[in-house]
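Participant: What follows is the residue order along each chain.
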Amino acid sequence: MEVRRMAGMVFQHPNPFPTMSIYDNVLAGYKLNGIKLNKEKKDEIVQNSLQSVTLWNEVKDSMNKRGSFLSGGQQQRLCIARALALKPEVLLMDEPTSALDSISTNKIEELLLELRKHYTMLVVTHNMSQAARISDNSMFMYLGELVEHDNTKQMFTKPKNRRTEEYLTGVFG
Amino acid sequence: MNTPDENKDATSIARIKEKYLDKLHEDFTFLSDMVLNQMTKALELMYDNHKKNLVKLLKDNEKIIDSLDLTIKEKVINAIMLFTPRASDLRRLMAYYDMTICMERIGDLIDNIRHMLFAMDFSLPGFETYRKQLDDMFVHAGKMLKSALSTFSGMDEMLAHETIMMDDTADNMERKIEHGRPGSGFQWKSTGFAGLVNIMYVNSIAYYLERISDKAVDIAESAIYLIEGKDIRHTKLPEQ
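Chains as they are written, first to last, in the numbering used here: chain A, 1 to 173; chain B, 1001 to 1240.
Here chain A stands alone, though its shape is the one from the complex (with noise of 0.2 Å):
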């Protein structure tokens, strides 16, 4: 469990829970954990987190309306603020973006960018060309196995295994 803390987690379809507001989305964590706050830690929180996340402008006039309320970016990236809020040591991101339009993914690509200044990250991902653009290192994973991993820069200009060779160039899929 104490582990699990220390994970913030990002799935494929955003999910913010749906009858709470924008600002008790951001604590749900706390909430949930039991852990009780003043309302001014919790207004910094909430503050910070959706700054993190570059929400804060576009919602600190709506706190109260429901996280359902905003667009799909826009809730996954609150789903994010949700999980910065604990102050995890590592972010689990599957697919953050697949069910995004592509200026929100560009928005949440942008954001993952400035958060891995600050957070490790791993991110789980279909899309190629996006496993380049925001990646350090990039591990291929293939039926469950642990096919390669190296700098991203090195896996996707000269793969050392000839599976990840193949996957890279489209001979399969």
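Be aware that a few hints might be false.
Sample of chain A residues with no beta-carbon within 10 Å of chain B, all distances over it, derived [as the list claims (entries may be wrong)]:
1. Gly34
2. Gln47
3. Ser68
4. Val90
5. Ser102
6. Glu110
Pairs of lysine-lysine, DSS-like flavour, derived with a Cα cap of 30 Å [what the hints assert, rightly or not]:
7. B:Lys1019 to B:Lys1146
8. B:Lys1017 to A:Lys153
9. A:Lys153 to B:Lys1019
10. B:Lys1073 to A:Lys42
11. A:Lys158 to A:Lys117
12. B:Lys1059 to A:Lys160
13. A:Lys160 to B:Lys1023
14. B:Lys1073 to A:Lys153
15. B:Lys1017 to A:Lys160
16. B:Lys1019 to A:Lys158
17. B:Lys1059 to B:Lys1023
18. B:Lys1017 to A:Lys158
19. A:Lys153 to B:Lys1056
20. A:Lys42 to A:Lys60
21. A:Lys158 to B:Lys1230
22. A:Lys117 to B:Lys1230
23. B:Lys1176 to A:Lys158
24. B:Lys1019 to A:Lys160
25. A:Lys160 to B:Lys1073
26. B:Lys1230 to A:Lys153
27. A:Lys158 to B:Lys1075
28. B:Lys1023 to A:Lys158
It should be emphasised that the hints constitute simulated quantities derived from the structure, not laboratory data. Positions of the beta carbon are idealized from the N, C-alpha and C atoms, including for glycine.
Got chain A sorted already, so can you dock chain B onto it with the hints?
Facilitator: Frame of chain A, contents of chain B only:
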């Protein structure tokens, strides 16, 4: 994991891409043959520098080289747009792009040589020796170019390293022409102004041939990038 149908789609896209890259390779091979042929024809011109049909052929071929340069570069850009290449595909396309730039430049250098040769008078006293030296340089540069291109088609990195090492000889040959005095009695005083102009042409041709050798080195380096994924430009070669 993909379904078998999705894998079939991936394979068919891979086939389209392969066809596209094969066509690109054909264009590049054609460009290579044209440039090598230009080298041979320019060498012929040195021994008969007013042969009109040879001059015309060189001019016409230069136009074809320029147009192939545009075609290949456009195809490379299209391939990047259409197939988002990675790994060996990406290296291959970058190699085509870089090498095409080199080949076009070699075409220009040969064209400059054609201009110089056309204006030269090898019958002036002492210039026979220069002709022999330029002939040697032509043969050496041609050998380097052929070897660099074989590196690419044969995926042979040892040959690429050998090509790079041949560059010192080309540099020395140029220096010898530029600074040295030919052994067999060149008497510039008796040849007068025409002789001085000729000397300038000789120096320029030697310079252009040395540049062609440099371009062959660039091609060999691109081939090494394709084969090994290493960019060895501006690095020292390992000891032999």
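Participant: All hints, please: hold or fail.
Facilitator: Quick rundown of the hints versus the structure:
Every Cβ of chain B is farther than 10 Å from the Cβ of A:Gly34; the closest lies at roughly 40 Å, confirming the non-interface assignment. Consistency note on A:Gln47: stated as away from chain B, and its beta-carbon is indeed over 10 Å from all of that chain's, at 39 Å minimum. Under the 10 Å C-beta cut-off, the non-interface status given to A:Ser68 relative to chain B holds; the minimum distance is some 32 Å. Taking the minimum C-beta to C-beta distance to chain B, about 26 Å, the non-interface status of A:Val90 holds against the 10 Å cut.
Chain B leaves A:Ser102 outside its interface by the beta-carbon criterion, the shortest separation being 15 Å against a cut-off of 10 Å. For A:Glu110, the shortest C-beta to C-beta distance to chain B comes to about 20 Å, beyond the 10 Å cut-off, and the non-interface label holds. Annotation: proposed proximity of B:Lys1019 to B:Lys1146 holds, straight-line Cα distance about 26 Å (limit 30 Å). For the hint pairing B:Lys1017 with A:Lys153, the CA-to-CA distance comes to about 22 Å; that is within 30 Å, so the pair holds.
Between the alpha carbons of A:Lys153 and B:Lys1019 the distance comes to roughly 27 Å, so the proposed pair stays at or under 30 Å and holds. Only pairs whose Cα atoms come within 30 Å are accepted, and B:Lys1073 paired with A:Lys42 is rejected, the gap being roughly 58 Å. With a C-alpha separation of about 26 Å, the suggested pair A:Lys158 and A:Lys117 falls inside the 30 Å cut-off, and the hint holds. This hinted pair does not check out: B:Lys1059 and A:Lys160 have alpha carbons roughly 46 Å apart, beyond 30 Å.
Between the alpha carbons of A:Lys160 and B:Lys1023 the distance comes to roughly 27 Å, so the proposed pair stays at or under 30 Å and holds. The suggested pairing of B:Lys1073 with A:Lys153 holds, with an alpha-carbon distance near 24 Å, which does not exceed 30 Å. At roughly 22 Å between alpha-carbon atoms, B:Lys1017 and A:Lys160 fall within 30 Å of each other, so this suggested pair holds. For a cut-off of 30 Å, the pair hint linking B:Lys1019 to A:Lys158 stands: about 22 Å separates their Cα positions.
For the hint pairing B:Lys1059 with B:Lys1023, the CA-to-CA distance comes to about 26 Å; that is within 30 Å, so the pair holds. Taken as a hint, the B:Lys1017 and A:Lys158 pair is honoured in the structure, with Cα atoms around 19 Å apart against an allowance of 30 Å. In summary, the hint linking A:Lys153 to B:Lys1056 is not supported, as the alpha carbons are separated by about 48 Å, beyond the 30 Å threshold. A C-alpha spacing of about 14 Å is found between A:Lys42 and A:Lys60, which places the hinted pair at or below 30 Å, so the restraint holds.
Proposed proximity of A:Lys158 and B:Lys1230 is supported: the alpha carbons are some 9 Å apart, at most 30 Å. In summary, the hint linking A:Lys117 to B:Lys1230 is supported, as the alpha carbons are separated by about 28 Å, within the 30 Å threshold. A hinted pair counts as satisfied when its Cα atoms are at most 30 Å apart, and B:Lys1176 with A:Lys158 does not qualify at roughly 42 Å. As the CA atoms of B:Lys1019 and A:Lys160 are separated by approximately 25 Å, the hinted pair is consistent with the 30 Å bound.
As the CA atoms of A:Lys160 and B:Lys1073 are separated by approximately 28 Å, the hinted pair is consistent with the 30 Å bound. Our distance criterion of 30 Å between C-alpha atoms is met by B:Lys1230 and A:Lys153, whose separation comes to about 12 Å. Of the supplied pair hints, the one linking A:Lys158 and B:Lys1075 holds, its CA atoms being roughly 22 Å apart against a limit of 30 Å. Using a Cα cut-off of 30 Å, the hinted pair B:Lys1023 and A:Lys158 holds, with the two alpha carbons roughly 23 Å apart.
The earlier numbered hints that this structure contradicts are 10, 12, 19 and 23.
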